[in-house]
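Note that numbering that gives the first Met the number 0 gives residue 174 to position 175 of the sequence shown, counting from 1, and the numbers run on in steps of one.
If you're looking for bench data, these hints aren't it; they were derived computationally from the structure. Every value quoted in this text rests on a predicted model; they were computed, and no experiment measured them. It is possible that some hints are incorrect.
[Stated by the list, open to error] Computed spacing ranges between beta-carbons, pair by pair:
{"#": "1", "residue 1": "R103", "residue 2": "T257", "range": "36 to 44 Å"}
{"#": "2", "residue 1": "H94", "residue 2": "R176", "range": "36 to 44 Å"}
{"#": "3", "residue 1": "M0", "residue 2": "R42", "range": "22 to 30 Å"}
{"#": "4", "residue 1": "R121", "residue 2": "R192", "range": "39 to 47 Å"}
{"#": "5", "residue 1": "K29", "residue 2": "L200", "range": "23 to 31 Å"}
[To be verified] Cut-off 20 Å, straight-line C-alpha distance, at most; resulting in silico cross-link-like pairs (SDA-like, lysine to any residue):
{"#": "6", "residue 1": "K17", "residue 2": "F205"}
{"#": "7", "residue 1": "K25", "residue 2": "G138"}
{"#": "8", "residue 1": "K125", "residue 2": "R152"}
{"#": "9", "residue 1": "K240", "residue 2": "D108"}
{"#": "10", "residue 1": "K209", "residue 2": "A223"}
Glycine is no exception: its CB is placed at the ideal position from the N, C-alpha and C atoms.
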Amino acid sequence: MQVVDLRESPSLGLLFPKAVVTGFTKKGGKTLPDRSYRWQGVRVDPAHLAAYNQVCEFRLSDELPITYPHILTFPMQVKLMTDADFPFPLVGSVHLANRITQTRALRVDEEFDLQVHVENLRPHAKGKQFDMVSQGFAGGELVWHDTSTYLVRGRGDGSSNGGEERREPPAPSAFWRVPDDIGRRYGEVSGDRNPIHLHPLSARLFGFPKAIAHGMWTKARCLAAYEGRVPEAHTVEVRFKLPVLLPAKVAFASEQRTDGYRFDLFDARKGKPHLEGTITY
């Protein structure tokens, strides 16, 4: 695999308009780019980390939330998905799932090397899916690994992986109110200013009745409820279900298991699922 070094984080302000323009020319394909982007010597801005923690309701700390490096690698992911040889349009791709593993606590004063590539193109009942893989290294050691699975809608393969069995919502552990500006606030700290998250009018252009919360914000918000209760080395895996239409009242449910936790986020009134996840260690 070819490794291409970047001097700085790619500009999402330039890449998102490019994604809109180039999306019309991408017709799908059978191969993914055999290329990795690498950004070395990355330092965390403490003020930016504090802003992220506030939006996601983490405590202020010298340790990075396990989800924080995702927003550092996200511009590299977008760069790869807007390259000319990437076969699918970024606009309209659906974030199905995310799995993150860290081998130890990551500290704000460390220096990281970040790397992103794409792999595992495979069929899905509603089209095709692929994995965007991000890695974080410290002192040459792999300390953080992130896999985001995306769906590109199209002709499916007839399998059943697009229609999972529905389950009754579990007993809530807490109720949270999600304000109507959380998409704009998270977009400000993450750089992900996709129109579907920013305003009802722009969201309607893409088929949503209201603006929706970022999936990675919902994951981070759930994990904030576990601060101080999980060991440094752990894995968090979630599957994104129905979007959170803003504003919202959501219910959070947590179940302790021998190897960690299971958690759910769902509509407090109708019980419709937003997210299902596990923490394992």
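Quick rundown of the hints versus the structure:
no. : hint                    : verdict
1   : R103 x T257: 36 to 44 Å : violated, 22 Å
2   : H94 x R176: 36 to 44 Å  : violated, 23 Å
3   : M0 x R42: 22 to 30 Å    : holds, 26 Å
4   : R121 x R192: 39 to 47 Å : violated, 30 Å
5   : K29 x L200: 23 to 31 Å  : violated, 38 Å
6   : K17 x F205              : holds, 17 Å
7   : K25 x G138              : violated, 39 Å
8   : K125 x R152             : holds, 6 Å
9   : K240 x D108             : violated, 35 Å
10  : K209 x A223             : violated, 25 Å
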